[in-house]
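Chain order of the listed sequences is Y and P.
Counting in our numbering, the first sequence runs from -13 upward without gaps.
Counting in our numbering, the second sequence runs from -13 upward without gaps.
Mixed in with the good hints there might be a few duds.
Copies of the same chain look alike in the list, so a pair counts if it fits in one copy or across any two.
With a cut-off of at most 25 Å between alpha-carbon atoms, the simulated SDA-like pairs for lysine to any residue come out as follows [what the hints assert, rightly or not]:
#1 Lys0 <-> Pro191
#2 Lys109 <-> Gly99
#3 Lys144 <-> Pro173
#4 Lys550 <-> Arg377
Calculated from the structure, these hints are not laboratory results.
Protein chains: 2
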Amino acid sequence: AIIPVNKTAHPFDKTRFEALLNRRFFYAPAFEIYGGVAGLYDYGPPGSSLQANIIAEWRKHFIVEEHMLEIDSTIMTPAPVFETSGHVARFADWMVKDDQTGDVLRADHLVKGVLEARLVGDKEARGLAAQPQKEDEKKRKKKVVKTAGVQLSDDAVKEYEVILAQLDNYSGPEIGELCRKYDIRNPDTGNKVTEPQHSTSCQHPETAQGHFLNFSRLLEFNNGRVPFASAQIGRSFRNEISPRAGLLRVREFTMAEIEHYVDPEDKRHERFDEVSDIVLDLLDRDVQASGSTQVKKISVGDAVATGIIANETLGYFVARIHQFLVKIGIDPARLRFRQHMANEMAHYATDCWDAEIQNSYGWTECVGCADRAAYDLTVHSKKTGHPLVVRQALKEPIVTERLVAELNKKVLGKTFGKDAGAIQKVFLELDEPRLLEIQRELAQGSAIVATPDGRKLSLTPEIVTIERKTFKQSIREFTPNVIEPSFGLGRILYVLLEHNFWAREQDIERGVLSLPPIIAPTKVLIVPLSAKEEFDPLVQEVSSKLRKAGIFARVDDSNTSIGKRYARNDELGTPFGVTLDFASIQNRTMTLRERDTTGQLIGDIDQVISVLVDLVNDSADWVEACRRLPAYDGVQAVD
Amino acid sequence: AIIPVNKTAHPFDKTRFEALLNRRFFYAPAFEIYGGVAGLYDYGPPGSSLQANIIAEWRKHFIVEEHMLEIDSTIMTPAPVFETSGHVARFADWMVKDDQTGDVLRADHLVKGVLEARLVGDKEARGLAAQPQKEDEKKRKKKVVKTAGVQLSDDAVKEYEVILAQLDNYSGPEIGELCRKYDIRNPDTGNKVTEPQHSTSCQHPETAQGHFLNFSRLLEFNNGRVPFASAQIGRSFRNEISPRAGLLRVREFTMAEIEHYVDPEDKRHERFDEVSDIVLDLLDRDVQASGSTQVKKISVGDAVATGIIANETLGYFVARIHQFLVKIGIDPARLRFRQHMANEMAHYATDCWDAEIQNSYGWTECVGCADRAAYDLTVHSKKTGHPLVVRQALKEPIVTERLVAELNKKVLGKTFGKDAGAIQKVFLELDEPRLLEIQRELAQGSAIVATPDGRKLSLTPEIVTIERKTFKQSIREFTPNVIEPSFGLGRILYVLLEHNFWAREQDIERGVLSLPPIIAPTKVLIVPLSAKEEFDPLVQEVSSKLRKAGIFARVDDSNTSIGKRYARNDELGTPFGVTLDFASIQNRTMTLRERDTTGQLIGDIDQVISVLVDLVNDSADWVEACRRLPAYDGVQAVD
């Protein structure tokens, strides 16, 4: 039953791959029967289970393993929160709507796209070679507007060029004026667009703000101690102008985000030793700056020790992300961590690494891992006046000494009357050297002090005494820093499917998804020879025993050959199958099939179930199974 | 260790209950540090875990047990879908916004509330007793607007009364006009409101449409067979005008919805026998119509047999909902199923039952279970032209006979030239008796047929023959009916917390949440005597063994007494606790505490863990645990 498998006999065939995902309803365009909406996808049963299993594994790997505090905050978010977080300035640009379809477009991108296209068309019409479009990442993401090949007047060309050069400076209403004046329409439909409006979306583009706003409660829940982390899995939304690349660029998606709060003066991580030997493919800032994309293979321990990764906690999470992705089935050879360039990173961030995974669209950012410093907690705290800080009892109080002036208010009032207050204020602002001088003068009998209006008053030791005093600070108050690993689950799911797709060597039409058992939508397929009633008791028994063992199985008693049913489940990524035939009824035996090798074993029903439990829970592999059960040679079949 | 517990020593105290939920961060107003937003709540760690556990149990109880097809469709939904589903007409009323805060208000409710309040104020000012406000359910849910006690002119009173009587007939712009003319403002803020707009929310008020739109794909996934069900857990949104009652009436909530597709001619359910003996508290239509709320205790089997519940499948799901709610900890004595009155139900629905749960706010609908007939699939199919039907091979083909006219087109054309087409059309519309007449006439030699313009033409047997033919229909095509159980998870979570809250007899301040182990946020609390390092190895060992057994445990090594740590976890609903003290280090023993009785047992660490596993997995109860482990008498304690 151990049959060598050649998974690379056929090169990756995207058309066949996408046909499989569509045929088996992993996901499909949302609102398909209404014509679909770009950038929105619905997950069918296998996609939905796959996502649920990835999330379950994520919960185990991060939340349970690290005792994180899971929260569930609302999607609807009032505008002031986004203004404070910086999202309005950064993301919520002026938007227009297609006045027929309601499609939302970013106003400045629309103007830019349309005017640039007209300029290109003008060049074509004038017989000049159109300038080759720059192929950098940013550009390719933007809408490519069809060029019309229409010649413009010389004045129009000049006006367009001026507008394009200054586009960043236009206000919303001014862009609206441009759209009217130059008849700028939605290039997808030819429809006019509405007045630009600030997109004050009530839907958040990340789940992070829900963590930060609940920081005080979470800290209290954690008995006031840091480090600790909050975690959340939730839906987020982005105004993608022209979504494409399937699940890699969508308008609505599920994220899993962690906010790990840490003492800014101590970013060590107590479990760093457990991961320090993990070797990663790192693409650091310096290598990128030199124009190269050559990764460095280096252990996390060394990367932190040599300062490539800024601190232990950040390194710890980078390594844990690596472990997680590989565990669920991402090919480690196609996984790298790319450091953000200084100008790419938010100004407040200390360091940021993206887990990028190679797929047919290129290298795609699937997880971000940033040290956001104290930015988020600080801005929300400033805006609301609500302190978002940790108050920590110091193990050893900090003892400081300084000179302190004490005024005898009674004598002061009697002597100076309404000037008493002014004198008190003056003393509040005196520095140490000046206090020392006054102390010395007082020792001589009296000291002269100037009031704010310039009068000089003489004070006696009876009125003021200056002494060195000891102060003890036993509480330290600080705003924690935040390390944020942030996972785009839809992207991970998509690249995972790509990495696990292959076709049988002997038949390119027979696609297989080699999903690891832990995340496969269905773990075991139960295949009775036919839907005849005589198989029912055994099907019930096996189903029920697997369910009790916590293994998700499905019965396929559809009216097709066993081979076709297995082929269908190879496409669904079901790792194991058991067949119940007439021999099963006679001898209580059952065959066990492995998806990738198609090898088959046979054994007593309970024996096979016990092997299955170990296979699914990853405590045995197929080699081990082959040791425990004899290979199936086909003679037991009765038909 | 079996100590009798009196959970009803103190009456339910809502203030203490809410303080507990807030103190332990089950949930809290969202955006609290920004002043909060009415109707939006964030779940903290225990609330979030509780919700996740309820969902996990729901998945097991419904999706896994019934082999449902889980999907995950988008929240964003284009307007045409809602127009077709009927949501725009039914839900998406004219809305206005507060022009400062942006709060959204339903325009007609605003006008009604403000004008009614002014009329009440007028009555007060005139010294007339204000009419007592009707206290029916509907009224109480609506905003109560502060009455001002200002007298109005007689004309104004008349105008207001006319407007109120006709309010349903005003269009959006007309309501806008009213707001301007009568200076109707947001009563919460005193701010003006914007022009009424149709609320074409892009966020769905239910997850159901995502199921229906994917029906064809789901049917194909299920090999073309019904019955089957799709299931989805997702976030939904409603424009609640004045949210209140905490989690019972919110703007954003998590739903779990099932759409079970069934043959309209056969609504039996194959597993109905498994539930038919379950006795439910039913409040049927007739009892309600008689003005009573006296429930009938009746088995589901009898309710279906006597026609109280419309069909087996609906009855099956009502019973399964009952099982689920009781399993997660709802008090069955405070659970009833109320049938919708005919005028309360959507016009297309056949029957509808709400699971209502009694709590401090009254009886609250927490689950709906409706037979929506073929409505949804039919409207989407009509609108899109995409057939949403089942095509079923008939076991026995339906054989029908009918008279069929066959025209010899060659002769027909030669004889009648351009009239040939008209004659063909005439024959398409002839009914059976007329065909029989013509057949008889032809047998006599020729038959007279009238053209649409009144000419009479004579046809011979050479041109037309009429014969009885046999037709065989082997495929039946039908639109399935939909049974829809729809769960409001936030409401269930809230009433569950109420039902499980009580205070210790000897101390009303010591609140307990007696959550069943299957849904408790944390199953086991591990309590080392102190945070001293000497306990670390044992804490690690116990944590790791419980984790391997799949049991979610938390360590509390905070710097307070063991008693206080247990009290905190009684409030969190943690059912079991284990204490590690110096005796544990010396003898490898551990004490096991049960939350409700506070009884304690002692045993070898591994023995205690094995008992714990059975307790948490519900395969042993505390009585059984007391049989397996000796009671802890306190002598083993070393301090």
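Now the hints, each set against the structure:
no.: 1; hint: Lys0 <-> Pro191; result: neither (30 Å within a copy, 37 Å between copies)
no.: 2; hint: Lys109 <-> Gly99; result: within (15 Å within a copy, 63 Å between copies)
no.: 3; hint: Lys144 <-> Pro173; result: within (22 Å within a copy, 54 Å between copies)
no.: 4; hint: Lys550 <-> Arg377; result: between (64 Å within a copy, 22 Å between copies)
In this structure, only the earlier hint numbered 1 is contradicted, and the remaining ones agree with it.
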